[in-house]
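Visitor: Letter by letter, the chains look like this.
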Amino acid sequence: MVESMNDARHALSVRNLVVDFVQDTGTIRALDGVNLDLHAGRVLGVVGESGCGKSVTARAILRLLDRTGEITSGRVFLDPGSPEQQDLAALDPEGRVMRAVRGGRIGLIFQEPMTALSVHYTVGNQIIEAMRAHGDLSKAAARERVVTLLHEVGIPRPETRIDSYPFQLSGGLRQRVGIALALAADPEILIADEPTTALDVTTQAQILALLRRLQRTKGVALMLITHDMGVIAQMADDVAVMYLGRIVEFAPVAELFTAPRHPYTRALLRSVPNLRAVPRERLATIGGAVPHPGARPLGCPFHPRCPEVIAGRCESEAPAGISPGEAGASCFHAMAETAHAEATA
Amino acid sequence: MTVLEVDGLFKEFPIRSGLLQRKTGQVRAVQDVSFAIGRGETLALVGESGCGKTTVSRCILRALPPTKGAIRFSPEEGTIFDVASLSRRALRPLRRHIQMIFQDPYASLNPRMMVGDIIAEPLLVNGFAAVRRQARVRELLDLVGLPAAARTRFPHAFSGGQRQRIGIARALALDPTLVVADEPVSALDVSVQAQIINLLLDLQDRLGLSMLFVAHDLGVVRHVSDRVAVMYVGRIVETAPTAMLYTRPRHPYTEALLAAVPKPDPALRDQASAPAGEIADPANPPPGCAFHPRCPYANERCRTELPVLREISPAHWSACHRTAELSLRGVA
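If you're matching them up, the sequences are chains A and B in order. Okay, so the first sequence: first residue is 1 according to this note's numbering, each after it adds one. Okay, so the second sequence: first residue is 346 according to this note's numbering, each after it adds one.
So that you can see chain A by itself, here it is in the shape it has in the complex (with noise of 0.2 Å):
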């Protein structure tokens, strides 16, 4: 079972993350101060539609941004609260610690695993290249590693799929690959992108079987982002909600489920297929579509389409954001039905 949240050790914190991207027609702010914390053992699932940020929060914290992203202000301490704790935001992005910490004490999956691995090497030279750069270990001992590493993850005969080149391996072997690779290093925290969006269904559940043992037997937080709500509430522990750059709801997986607080979220869980939908069954929709970040509407980010909007005060007023490990909604509802019930309890 999964320990709650206050045993499990903090093991990075992200607070009020402000990342702007410079671009000829203007600066677009892609995230709006996030906050959020990854705990050893416990997978926080970010989910959110194209836009929303939830990529550019994995890599602001990896400080993997490109050329014209910049981190405006805004804090990602590892180790939060700990002597050792650091501000990777303050920390040179091509410098030796930067470079440690990712790959080293921060995995990172990606949707695509060609985006981490050469065409040019072999699997097993790749793994274990990322492995001695991380740690003291002699090219037969790291071999041998690698070995282990991909049984691990499910690939058979790793004795001769370790000289395979990665063309030669199906999607499917090609992502067990890319896990391995981001565990190459035994790393703490993983942070895995749309890792199964690229894979056949029946792939994906096998990706997802595999990254949730490995996620338990290895006790390490998982940051999961996803598009998919079946993905969330299959994988997930807590759940942050993004839009527009901005969490708009933060809860545990089930409460989010069973009861979800911001407007967006509850439209977002009705809008899903369901396999069990009566015949011609039509869909709940939000109407309108996510805006671009360089056109962030006023007020709260979502009141263009929202269907409870409160004329008068969501085009103008945002609302606050969530306080760090709160379950609650960043919307004036939310915040009013929180007040209520703290006010008769």
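Wrong hints could be hidden among the right ones.
[Unchecked claim] Counterexamples of contact, computed for chain A against chain B with all Cβ distances above 12 Å:
hint: 1; residue: 85
hint: 2; residue: 95
hint: 3; residue: 137
hint: 4; residue: 228
hint: 5; residue: 230
hint: 6; residue: 237
hint: 7; residue: 255
hint: 8; residue: 270
hint: 9; residue: 310
hint: 10; residue: 311
[Unchecked claim] Pairwise CB distance ranges (calculated):
hint: 11; chain 1: B; residue 1: 677; chain 2: A; residue 2: 83; range: 49 to 59 Å
hint: 12; chain 1: A; residue 1: 307; chain 2: B; residue 2: 660; range: 32 to 42 Å
hint: 13; chain 1: A; residue 1: 308; chain 2: B; residue 2: 612; range: 25 to 35 Å
hint: 14; chain 1: A; residue 1: 138; chain 2: B; residue 2: 669; range: 55 to 65 Å
hint: 15; chain 1: B; residue 1: 676; chain 2: A; residue 2: 282; range: 18 to 28 Å
hint: 16; chain 1: A; residue 1: 308; chain 2: B; residue 2: 452; range: 33 to 43 Å
hint: 17; chain 1: A; residue 1: 186; chain 2: B; residue 2: 632; range: 36 to 46 Å
hint: 18; chain 1: A; residue 1: 9; chain 2: B; residue 2: 547; range: 47 to 57 Å
hint: 19; chain 1: B; residue 1: 622; chain 2: A; residue 2: 298; range: 47 to 57 Å
hint: 20; chain 1: B; residue 1: 452; chain 2: A; residue 2: 83; range: 51 to 61 Å
hint: 21; chain 1: B; residue 1: 677; chain 2: A; residue 2: 68; range: 16 to 26 Å
hint: 22; chain 1: A; residue 1: 92; chain 2: B; residue 2: 484; range: 53 to 63 Å
hint: 23; chain 1: B; residue 1: 520; chain 2: A; residue 2: 282; range: 16 to 26 Å
hint: 24; chain 1: A; residue 1: 68; chain 2: B; residue 2: 614; range: 39 to 49 Å
Note that these hints are calculated values from the structure, not bench results. Glycine residues also receive a C-beta, built at the ideal position from the N, C-alpha and C atoms.
Once you've looked at the hints, dock chain B against the given chain A.
Guide: Positioned in the frame of chain A, the structure of chain B alone reads:
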């Protein structure tokens, strides 16, 4: 009335290698596929990558010449054409009756053409006068829920969902009998995906369209289709009316597909299961039933003898030796 009848369709691609590019093998992408679509009906063709579903749709559009088999298309009562055997020239007048909706709304629209011209192009090609074209474009924009002002703008000004609406308007311009939609919502965000699914359902009700819906997402398929055909390694392994297929699958592969979908309900955690192993290679399929290496119910016969598609209850067909004795799990 039947609009489309695919009968014993085969499509093989040669594998060539060596200096002289000699044929050294073949990928049997589609093998002995048969199905029919009635007027106003939606048939979903589902399966994982490499199962042949897209190849079937491309044969129907004659974007690929079939290796063998008949594709009988009936644009109106009393006339039947075999799309598989007609010459390119003889096909031309038929093309307006079969239209396509593509997966990627970013790649399927010419970025240098105004939306009005994109939608009007099939009308122009078919000799509609300018006045009629303009009126029809306005009608189509309204039909797919886009503002009339969209006419004079370029595709880049639109979101993914709006671009898919443009693609749908273009496909409907000539009032087709059959629409082939290949993964039309899989590139879209969920909230937008829901809008497009509803639009397709509404359009079908209003226009009486027949549709072949090629998809991998079983949730989407449940909403849009009247009947489903499940493909695995080039063959249809099960076909049934939608509700029947989901509640009482009769092929182990269908059961595996349904079980593998991550359900949006945390209470159903850890119940998702995946069949072991990988999808078989269509260039080198296993003997007997292609699913047998992954099937938990396989026996000796499955390893050697190819099961044929048989009607096991009215309108429910399955290609499994053991279907009668198995009680497979669907979604309740």
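Visitor: Indicate, hint by hint, whether the structure satisfies it.
Guide: Here is what the structure says about each hint:
| no. | hint | verdict |
| --- | --- | --- |
| 1 | 85 | holds (33 Å) |
| 2 | 95 | holds (37 Å) |
| 3 | 137 | holds (31 Å) |
| 4 | 228 | violated (7 Å) |
| 5 | 230 | violated (3 Å) |
| 6 | 237 | violated (10 Å) |
| 7 | 255 | violated (9 Å) |
| 8 | 270 | violated (8 Å) |
| 9 | 310 | holds (21 Å) |
| 10 | 311 | holds (23 Å) |
| 11 | B:677 - A:83: 49 to 59 Å | holds (53 Å) |
| 12 | A:307 - B:660: 32 to 42 Å | holds (40 Å) |
| 13 | A:308 - B:612: 25 to 35 Å | holds (27 Å) |
| 14 | A:138 - B:669: 55 to 65 Å | holds (59 Å) |
| 15 | B:676 - A:282: 18 to 28 Å | holds (19 Å) |
| 16 | A:308 - B:452: 33 to 43 Å | holds (37 Å) |
| 17 | A:186 - B:632: 36 to 46 Å | holds (43 Å) |
| 18 | A:9 - B:547: 47 to 57 Å | holds (52 Å) |
| 19 | B:622 - A:298: 47 to 57 Å | holds (54 Å) |
| 20 | B:452 - A:83: 51 to 61 Å | holds (53 Å) |
| 21 | B:677 - A:68: 16 to 26 Å | violated (50 Å) |
| 22 | A:92 - B:484: 53 to 63 Å | holds (60 Å) |
| 23 | B:520 - A:282: 16 to 26 Å | holds (24 Å) |
| 24 | A:68 - B:614: 39 to 49 Å | holds (40 Å) |
In this structure, the hints that do not hold are numbers 4, 5, 6, 7, 8 and 21, in rising order.
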